[in-house]
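> Line by line, the protein sequences are chains D and L. According to full-length UniProt numbering, the residues represented by the first sequence are 1 to 295, in order. According to full-length UniProt numbering, the residues represented by the second sequence are 1 to 274, in order.
It cannot be assumed that every hint is accurate.
[Claimed, not checked] With a cut-off of at most 27 angstroms between alpha-carbon atoms, the simulated DSSO-like pairs for lysine-lysine come out as follows:
#1 L/104 / D/101
#2 D/212 / D/202
#3 L/9 / D/202
#4 L/104 / D/96
#5 D/155 / D/75
#6 L/9 / D/285
Think of the hints as simulated: they come from the structure by calculation, not from any bench.
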Amino acid sequence: MFKRNYRQDNGVAYLLLAPIVILLTIFVVIPFIYSLKVSFYNWSFYQPSVFVGFDNFKFVLEDDLFMNALWVGIKFTLMVVPASLVVSFLFANIIKGMRSKGASFVKTSIYIPTIISGIVASIIFVFIYDYMGGLANYVLGWFGSEPRAWLADVKTALPSIALPAIWLGFGLTTLIMLAGLHDIPESYYEAADLEGAGPWQKMWFITVPLMKNIILYLTVTGFTASISQYELSLVMTGGGPLDTTTTPNLYILNHFRNDVMVGNSIAASLLLFVVLGGISAIIFKVLNSEKAIDG
Amino acid sequence: MQAKLTFQKTVLTAIAGFFTLLALFPLAWVIIAGFKEKTEVLATPFRFFPKQWLITNYIDILKDTMFQKAMLTTFGGAVVFAVLSLLVNSIAAYVFARLEFRFKTLLWLYVILTMFIPGMAILLTSFIVVNKLGMLDTFAVLVLPGVASAGGMFFIRQFYLNIPLALEEAALIDGAGKIRIFSSVFLPMSFPVFVIVGIGSYLGYWNSFVWPTMTITNPNLYQIMQYLASFRSERTSEMGMLMAGSALSALPTILLFLIFQKYIISGIKISGLK
Numbered sequence: 001m002f003k004r005n006y007r008q009d010n011g012v013a014y015l016l017l018a019p020i021v022i023l024l025t026i027f028v029v030i031p032f033i034y035s036l037k038v039s040f041y042n043w044s045f046y047q048p049s050v051f052v053g054f055d056n057f058k059f060v061l062e063d064d065l066f067m068n069a070l071w072v073g074i075k076f077t078l079m080v081v082p083a084s085l086v087v088s089f090l091f092a093n094i095i096k097g098m099r100s101k102g103a104s105f106v107k108t109s110i111y112i113p114t115i116i117s118g119i120v121a122s123i124i125f126v127f128i129y130d131y132m133g134g135l136a137n138y139v140l141g142w143f144g145s146e147p148r149a150w151l152a153d154v155k156t157a158l159p160s161i162a163l164p165a166i167w168l169g170f171g172l173t174t175l176i177m178l179a180g181l182h183d184i185p186e187s188y189y190e191a192a193d194l195e196g197a198g199p200w201q202k203m204w205f206i207t208v209p210l211m212k213n214i215i216l217y218l219t220v221t222g223f224t225a226s227i228s229q230y231e232l233s234l235v236m237t238g239g240g241p242l243d244t245t246t247t248p249n250l251y252i253l254n255h256f257r258n259d260v261m262v263g264n265s266i267a268a269s270l271l272l273f274v275v276l277g278g279i280s281a282i283i284f285k286v287l288n289s290e291k292a293i294d295g
Numbered sequence: 001m002q003a004k005l006t007f008q009k010t011v012l013t014a015i016a017g018f019f020t021l022l023a024l025f026p027l028a029w030v031i032i033a034g035f036k037e038k039t040e041v042l043a044t045p046f047r048f049f050p051k052q053w054l055i056t057n058y059i060d061i062l063k064d065t066m067f068q069k070a071m072l073t074t075f076g077g078a079v080v081f082a083v084l085s086l087l088v089n090s091i092a093a094y095v096f097a098r099l100e101f102r103f104k105t106l107l108w109l110y111v112i113l114t115m116f117i118p119g120m121a122i123l124l125t126s127f128i129v130v131n132k133l134g135m136l137d138t139f140a141v142l143v144l145p146g147v148a149s150a151g152g153m154f155f156i157r158q159f160y161l162n163i164p165l166a167l168e169e170a171a172l173i174d175g176a177g178k179i180r181i182f183s184s185v186f187l188p189m190s191f192p193v194f195v196i197v198g199i200g201s202y203l204g205y206w207n208s209f210v211w212p213t214m215t216i217t218n219p220n221l222y223q224i225m226q227y228l229a230s231f232r233s234e235r236t237s238e239m240g241m242l243m244a245g246s247a248l249s250a251l252p253t254i255l256l257f258l259i260f261q262k263y264i265i266s267g268i269k270i271s272g273l274k
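Isolated chain D, as found in the complex:
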């Protein structure tokens, strides 16, 4: 209705959109098309490339190391995402019950880890896990435990990297949860009080169902973020011991750095792209729809 009588502004619009379109074309679209092309070639810096069809994809799917990396990524996600969700849900509930002064102090404090870089977090946690002088073994020593080589042991390396990942993301997750909690009308709880509902019943029958969308959102974004994590393992363990901390992106990065033939790793990254890009498209769809949040 409005659009029809509206004068079109083709010239101005194109002029103003030129910067974003040109920059995205040079630095995102062209590299992406180039990636698509390279994934079908036996490509290297030093030799003429040969068309190999789907061989690169086949190679990656049959590569035990890639499958192992995927599995590592999934295990890592299963350690990070549920733990952060549960802890931040409970913690957000606690903050909601606090007086505003205390609450704003807590909110500010827990957000600080979120702005710390993965590199600094890695450096801090490498020291915490140090065999001789580290904090982790010192605390365990109180309980009479023997010191452990946290990052060098096949059993503990991945959980040891999951902990800083949780630390880095905890603040943001909690604050998003908190924002969701504040949107639930107080009257629902008052009604439940009249019915004689206890705190757990209120949480289970009111809070959780009304937070469904936010929990879903955080699960999906948490999944994509943690399955693409590589900085922590890159700095803390380099992917070892025995590839137990080689996440998919680290696998790809290691291939970029070590192989002369890069078609394989580009194929691997495109395979991941299909999965992760699909997931982000779904998130976007949900967020962009009017019914993102019911209630």
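Once you have looked at the hints, place chain L on chain D.
Then chain L, alone, in the frame of chain D:
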């Protein structure tokens, strides 16, 4: 009943306090470890506080010219990056929010679809592109590739869509052009959304590690995370300095966050969920 409630409150506040301490602890530890003597950082048995508080590590790292350069160039780069990206993305956001033009849907799709291309899928080919453009080892390679961001643009557009048309009407009647309307009506109102998107870009630049490592070999252009990572692998005997440097590297970010925290925390409410 009242006593029970007070008791509950106390317990919950105590839990909150404990978690807050836990969140801050690693950072506090790295700051404190910076005050230790070289050999004491990883001393056995473990000690939390230094035997003697020494400021030498902080002075030494501040005197390290490489550290100075890395901090300054990263800070400068991050500020330029954030400003440029706000400019490019907010203009595009305004156009998509308010103007009508041919191929609008097509251009919108073109821009938005780039959001779903993960960095890792184009990492190597981006390197090849910037190499062909002769941008390796320049300031431009650090700043330009990430400036245009469909995500940032989308976020700002959501904000612009909520600005009432009535606010533009006076300017429209006066015959102001589109560019004028953007600069005199939209820009001044953009502060809250600019804080959120700007700090996001700043952080992304400040914390980036892999891209600078791939594209920068000239030590004069080392970025701070790149510097810290190479410090960790090359100067293993100076752990106190590394601790001090890591603590200092987080400082500008934390200060920025504390200054703007009100906007950032309320921004989380609108960050795509609403």
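> Against this structure, judge whether each hint is valid.
We went through each hint and held it up to the structure:
For the suggested pair residue 104 of chain L and residue 101 of chain D, the alpha carbons sit about 47 angstroms apart, so the restraint of at most 27 angstroms is broken. Only pairs whose Cα atoms come within 27 angstroms are accepted, and residue 212 of chain D paired with residue 202 of chain D is accepted, the gap being roughly 15 angstroms. Taking the CA atoms of residue 9 of chain L and residue 202 of chain D, the gap is about 17 angstroms. The hint holds against a cut of 27 angstroms. A C-alpha spacing of about 43 angstroms is found between residue 104 of chain L and residue 96 of chain D, which places the hinted pair above 27 angstroms, so the restraint is violated.
In summary, the hint linking residue 155 of chain D to residue 75 of chain D is supported, as the alpha carbons are separated by about 12 angstroms, within the 27 angstroms threshold. With a C-alpha separation of about 40 angstroms, the suggested pair residue 9 of chain L and residue 285 of chain D falls outside the 27 angstroms cut-off, and the hint is violated.
Of the numbered hints stated above, those contradicted by the structure are hints 1, 4 and 6, listed in ascending order.
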